Structures are given as C-alpha cells and as structure tokens.
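**Student:** Sequence:
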Amino acid sequence: MSSSNIAHQLLNFLQKNGIETIYGVTGDVLFPFFDALSQKPEIKFIGTSQEVNAAFMASYQAKLTGKIAVCVATSGPGTANLINGLADAYFDKAPVLAITGQVASPKIGTGAKQEINQQKLLQEVTYSSQQATSSDAVLPVVARALEMAIVNKTVAHVSIPMDLFTQTSEININMPAIAPGSTFTSWDNGFTGLLEEAMPILQNARNPLIVVGIGNKKLREQIEKLAESLGAGIIVTQQAKGIIPHDHPRVLGGIGEAYIPEILKEVDCILQIGTASFEKKYLPTGINTIQIADDTGAIDYKQTNLAVMGNIMDILKSVIAKVEPIENKSWQEKITQEKDKLRSMIGEQRQNKNSPIHPAHLMTVLSELVPADAVIVCDIGGYVHWFDSYFQAKDQTILISSHWRSMGSALPGALGASVSQPEKKVIALVGDGGLMMSLGELATAVKYKIPVTIIVANNHLYELEKIRMEHQGLIPFGVDIHVPDFAALAKSFGAEGKTITNPGELEPLITESLTAPGPVVLDVQLVQVPLPFIN
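Residue numbers for the sequence shown follow our numbering, so the first one is -9 and each next one is one higher.
Keep in mind the hints are simulated off the structure, nothing from the lab. What you are looking at is a predicted structure, and each value in this text was computed from that prediction instead of being measured. Using N, Cα and C, we set each Cβ at its ideal position, and we do this for glycine too. It cannot be assumed that every hint is accurate.
[What the hints assert, rightly or not] Label pairs and their computed distance ranges (CB to CB):
1. G99 with F35: 29 to 35 Å
2. L184 with K319: 48 to 54 Å
3. A478 with V517: 50 to 56 Å
4. F467 with A102: 30 to 36 Å
5. T275 with T123: 48 to 54 Å
6. I471 with N194: 47 to 53 Å
7. E218 with P520: 33 to 39 Å
8. K331 with N107: 40 to 46 Å
9. D258 with P31: 56 to 62 Å
10. V436 with N206: 46 to 52 Å
11. G484 with G99: 42 to 48 Å
12. F467 with P315: 23 to 29 Å
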C-alpha cells in the first residue's frame, strides 16, 4: 500500500506531535491505518482486549504525564466501547485524542453494518467530535482536535471513513499542532476572581483548613508555606494524595467512609485548592469556603462563597505575599492532637494480625513497602476508603477515576501508566468486582511484558453497595460476587499469581512482586468490615 497515503501521513503527523504509543483494537474500517502502523516503529501499539480499556489506558497515561494520549477503535460497537474510558478522561480533564474508523463515505447515512452517528454518540464525553469528510480534511481536522485536547485538557474525537485512509492529499501539515509532548495551562499568568475579598476572610479565620484537590507536586512548597502562615490543617483528597507527605505535621489524612477527624466540626474557614468532588459531602457546610481553580468548570457553586480562577501557582504566591502569619495556639494544639490520634489509629491497625486480613492493615503494610516514587492506580470500592486513611503517602503518585468513579479502571489505568513511565513501579489496587470488569487486560500485561503489581482487595462482594443499602434500611440484594481463583487465573494468562490469607504473607510477597520482571497478581483475602462513617 502507498507509503504516502492518508494513513501514513496521519501517523507521521501524530509522531511529530510527540505521540509514542497508541492503544486500541483493530477492525475492518481501520485495516489501512493498521497496515501503516505496522510500518511505523517509532509509534508503539498496545492492543487491548476491549476498546474501553484502550480509552482507560490513554486516560491514565494523560493523567500521569499531563501530555496528550491516543486511543483508536473501529466503527459501531468499537466506538461505543470507548465511552466509559473517554468519560473518565473527560471528567478528570485528561488530554486524550480518540480516533475511530467509520464506514466508507458512500455508505454513511444508509444504515450500513456498524454505522452510527459517532458525533451524537460521543458528544456527552468529548469536548469536540468531528468527522473528516475528505482526504484533504483529515490532517487539518486531527490537528485541530489535538490542539483542543491539549489546550483545554480534555477529550477530542475524530472519525475517519475507511476509504479516506487509502487516498492521498497534497495537504501535509509539517509543523506540529503544539510543541511535541507539551502540557498547557489556559492561564499563562495572572488570575481573576475575588482575591481581594477573599484575603480578609482568610486573615480573620481562627480555625482554617486547606483542602488540597489537585495532584500537582510543583505546588507542594507553596501549599506548605501557606498552611504555616494560616496555621491551617490540611486534608488531601483522593486524587491529590502524595502531593503533601502524610507525615507532614499539618496533614490530617484523607477523609471519607473510613475516617472523619473530629476537628472538622470546629473549622471556620476552608481554602480549597482544586476540586474535592468525592470529599465535599464530608466537609463542614455553612462556613466560609474559598476555592482556587484553573478552570470555571471546577468551581463548586453550592459550597463555595468566593472563587479565584487562574494559574494556581501564581494565586498561591500572591496569597502568601499578602497574608500575615496567624497565631492560634489552641487550634495548633488541636491539629497536633488530631494528628496524634491518626498515628495511633494507624499503628493499631499495623499490629492487627487477624485473618482474614483487615483492609486497613493491608494499607499500612503497603505504606511501608511501596517505593516513594511509585505510581498507585486505585479502582473504586470500599477498600479505597481504607486506603485514603491508612496509606501513608510519601511522594507516590496516586491516580483514580476521581469524578466518573468507574470500576474496572485500575488495571488498564496501571498498564497505561507503566507504558508511559516504565522507569517507575506501578501498582494497581483493585477490588474483586473491579478486576472482574477488566480481566482481559491480564493478557495485555503478559503479552507486552508490563511489570505491574496487581493487588486484589478480595471480599467476594460489592462491599460499598452492600453497606450503603443496609445503611438506607434496604435489603442488600445483588451485591454478592462469584469470583474465580485469581492467582490460578493469573497463571493461566502467563502472569505470576499468589493468594494471601495470612497477614504475615503480605510483606514478603508484596516485596517480591515489586521487583518481578512481569505482571504479578496478589489475591488478598479481606474480612468484610463495616465502614464507620458511611454516608
């Protein structure tokens, strides 16, 4: 097939824009594209078991690196399968480009096999969804989509009819749409909002709390300085865990169903940096809440009194320059007491040697063993709330489906993270239910020799749903899960697999898994335990 057709030109253009990996599944309408991809060694292809997981891999690569990631799918059901993963990227503001094949141009609108209006299908989970209508339009449309995805930190989609891939075009965009591998903030400097109105509120607060809802470690120094000036306690949200080390004297952990510090009842002012979509229901209401964000879509208008939007680093520096140090010995003593209680609580669970294993104990062991520069990808489930409170982050990067809250995202997410940063150890923390939703990607991990450690928090049920139904006085129906022997199943895929039933097995087996050359599944049998602060 011609080496100068649209398929080849498209891949050359993607390479110029820093694309090194494409995730996806092939299909009839993509054959010319994959033919060209086979001749493009500069771009690695990761074939997934299902398109949704290709989208998750791209989403988590983008979350980790901040750079554009690409997934591809065929028409009809292939495109439909992308939706869940694209929604995760869209709502967590991860820059992803989705390219889908479409039936041949003459067949569009005729009800042909696997034809659907892809733009209508994907409009709720993309910032832009466009279809190329001619060979001359393909590269300009893709260039525009790339730019929108990068600039707006969002999802852009382009569908390309299969006949266009084999055509040629004199339009060949030689310059990249954006500097290769670039990240972008829509606020280069400065900010807008009500900073002057916010300053007196912060200055007069006696019991302030900072809620960190953005996982940008470049902000660590400024947040710590501001906390010292204000005399504030610090709560770290799920998506920001690791940005401030857990052992910082002002960090009161993460909040949720497993832990809510008593001190929250006395907070009189909240400064929220970024978003707290999960944690907000546990934060005090009826008090002054100031939110700093770099995007209007991140503002919580129900709980926020004042919002300051712009470059978050610039805003923090300005606040630090304006604020005068606040001294409230009583509040500082209460922060110290709450921190001591948290340490004691964690210490007690570290010594818990009961079988089946308590989820909090698992998290305390992980705290001691996971390298400080590791990446942990969390799925969604009851065990995550024990992770929030009992995993003592040092400098790890924590990734999660923060807003969309999709189960089944951790395994493909971990693969995307590991492929994009192979020098780092990546751990997937996933429940039995979540793993059942993405089991096929064990084959992907083995095929491409991706050395992820997969820790299964296994209690044979949808625990969070069971607890919440009981809390609401309902019969917990439909929450039991029939699961396989995950360790044996892992071995059948060609991965390593171990079942852990005794707390004493955790440390040696986790330690061993962290240096394994390929994927390892550790099936940890957990006790079913109620969450003390269910909401």
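**Student:** Could you run down the list of hints and mark each one as holding or not?
**Tutor:** Going down the list of hints, with the structure as the test:
| no. | hint | verdict |
| --- | --- | --- |
| 1 | G99 with F35: 29 to 35 Å | holds, 31 Å |
| 2 | L184 with K319: 48 to 54 Å | violated, 30 Å |
| 3 | A478 with V517: 50 to 56 Å | violated, 22 Å |
| 4 | F467 with A102: 30 to 36 Å | violated, 42 Å |
| 5 | T275 with T123: 48 to 54 Å | holds, 51 Å |
| 6 | I471 with N194: 47 to 53 Å | holds, 51 Å |
| 7 | E218 with P520: 33 to 39 Å | holds, 37 Å |
| 8 | K331 with N107: 40 to 46 Å | violated, 56 Å |
| 9 | D258 with P31: 56 to 62 Å | holds, 60 Å |
| 10 | V436 with N206: 46 to 52 Å | violated, 34 Å |
| 11 | G484 with G99: 42 to 48 Å | holds, 45 Å |
| 12 | F467 with P315: 23 to 29 Å | violated, 56 Å |
Consistency with the previously given hints fails for numbers 2, 3, 4, 8, 10, 12, ordered from lowest to highest.
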